[in-house]
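Q: This is what each chain is made of:
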Amino acid sequence: MWIKNRNGWNSPERDVTPESLFLNRRKFIAGAGAIAGAALVGGAFSPTEARTLKELGAKSSAFDPGEELTPYSAVTQYNNFYEFGTDKSDPYENAGSMQVDPWSVSVDGLVDRPGTYDLMDLIDFNALEERIYRLRCVEAWSMVIPWIGVPLSSVLNKIGVQSGAKYVRFETLNDRKQMPGVRWPVLDWPYVEGLRMDEAMNDLTLMAVGLYGKELPNQNGAPLRLVVPWKYGFKSIKSIVRISLTEKQPRTSWQKSAPQEYGFYSNVNPEVDHPRWSQARERRIGEFSRRKTLMFNGYGEWVADLYAGMDLAKYY
Amino acid sequence: MKVSVHHLRVWGKPLIFLLSLVPALWLVYHWYLAYGGLPHDLGFNPNETSNRFTGDWAIRFLLLSLAVTPFATVLRSPKPLLFRRMLGLYALFYAGLHVLSYIWLDMAFDWPELWADVLKRTYITVGMLAILFLLPLGVTSTKGWIKRMGAKRWQKLHKLVYLIGLLACVHFIMMRKGFQVEPLIYAGIFAALMLARLRKRRGKVRA
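Residue numbers (this note's numbering), protein chains in the order written: chain A, 1 to 316; chain B, 1 to 207.
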């Protein structure tokens with residue numbers, strides 16, 4: 001009985017290969033070509049960028065780990081920005097619809113000068129500096145990115161920190177019309193993050209407005225985002241519309257989502273695992289094998305004393 | 001619809017066989033390109049892409065194989081059953097690639113670390129259990145084994161696939177961050193396929 005089946009196998013391959021398979025082959029060859037094309041044109045090409053990214057003048061970096069930069073294409077096309085979808089390519093594909101000019105930030109809480117600030121009034125664009133930082137995602141991958149921005153401390157000094165303020169709370173834009181991802185209850189929107197005041201005032205903590213010499217692309221958190229290089233990437237909140245100074249520790253979106261997995265501090269720490277995966281190693285985007293993750297992502301020299309005497313397994 | 005069993009055997013089976021192989025060929029081809037430093041479609045984190053891609057196809061084939069019997073009931077024809085074993089074996093095949101992707105690309109064949117990971121990470125334990133249960137089903141999928149075991153015992157063993165489906169869905173839900181829809185869609189399909197079976201059994205009891 002089974003021998004009969006052989007007839008099918010003996011037929012020439014063209015008879016048993018469906019058209020869809022041929023077409024599929026062509027499609028992925030064409031797809032590979034498109035990626036090659038995009039790589040050639042580099043940052044100048046993006047399907048969703050409605051605006052041209054302006055060049056930004058900045059002082060050169062005082063912080064440069066001397067490691068190879070992650071290519072611009074990876075930095076801008078492999079992102080976690082769940083407001084635009086949960087796939088890594090979603091932000092690149094969907095974020096173009098976000099209006100970032102004009103942009104205002106409301107400032108409230110324990111500040112001397114509350115109110116609604118235009119981006120230009122909050123950030124001194126004449127004082128921009130470039131900072132090359134490692135970025136370590138909680139998902140155990142990492143990049144090296146040349147950011148442009150000003151220290152967060154300069155922004156906080158501008159709005160005036162009152163003596164009772166112990167924490168800074170940040171909020172991301174939450175707009176269904178512009179952000180397809182917020183229709184899904186992936187997290188409790190708006191996205192909220194926070195820092196302790198001494199963390200916020202630390203010299204490393206950057207308010208970024210650009211990367212690779214230009215304004216931030218939308219998918220990277222335009223026009224204003226936080227960069228806290230010794231913490232997991234999700235602490236570096238994107239597209240900020242509100243800054244509040246508080247006495248109480250703010251509850252962050254990820255804490256609300258899974259408190260046993262994401263703590264308020266979320267410092268990069270190879271010894272404290274995420275409950276579901278190890279944090280001992282990371283994959284640098286573009287490298288095949290994994291490298292060891294460094295304590296505080298290699299920034300212990302600047303930040304370790306912030307946590308002196310704290311049990312970092314408890315305050316993860 | 002006049003498709004004879006003979007036609008399904010001679011043309012249908014090779015066709016489904018080749019179609020089912022396409023995702024694996026795609027993956028191998030793009031790794032070949034990536035390895036040669038050529039443009040490829042594996043994205044900026046090919047290892048993550050491989051893990052997800054093979055996992056996606058493993059659960060898809062598992063659900064497809066579970067859909068065959070209800071589908072045959074709806075058609076009132078045993079013909080779809082001709083494809084059940086092949087789809088089940090493809091589930092095992094893609095699950096195997098999924099494990100290979102994890103052991104090779106993520107763990108770099110570091111066995112002590114792998115063992116620690118399997119024990120410590122609940123979602124990996126769950127996934128590994130699913131594969132462990134799937135293996136004997138693959139091994140005993142031949143006619144010879146049905147004879148050796150006897151149809152009744154064989155069927156009993158192959159009921160394990162329901163547990164495997166459940167484990168696979170749990171594994172998928174657990175590995176995502178936040179509340180995500182995609183794994184829930186798969187879990188919903190699995191639940192629907194199980195409910196279809198329950199309804200059929202109830203119907204039998206009533207009749």
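Be aware that one or more of the hints could be misleading.
As a list, the in silico SDA-like pairs of lysine to any residue whose alpha-carbon atoms are at most 20 Å apart [said to hold, decoys possible]: (1) Lys120(B) with Gly309(A); (2) Lys120(B) with Lys88(A); (3) Lys200(B) with Ala72(B); (4) Lys88(A) with Ala72(B); (5) Lys143(B) with Val161(B); (6) Lys214(A) with Lys314(A).
Hint data in this document are derived by calculation from the structure and do not stem from the laboratory.
Quick caveat: nothing in here was measured; it's all calculated off a predicted structure.
Q: A separate judgement is required for each hint: does it hold in the structure or not?
A: Taking the hints in turn, this is what the structure says about them:
no. : hint                     : verdict
1   : Lys120(B) with Gly309(A) : violated, 28 Å
2   : Lys120(B) with Lys88(A)  : violated, 27 Å
3   : Lys200(B) with Ala72(B)  : holds, 12 Å
4   : Lys88(A) with Ala72(B)   : violated, 39 Å
5   : Lys143(B) with Val161(B) : holds, 18 Å
6   : Lys214(A) with Lys314(A) : violated, 40 Å
Consistency with the previously given hints fails for numbers 1, 2, 4 and 6, ordered from lowest to highest.
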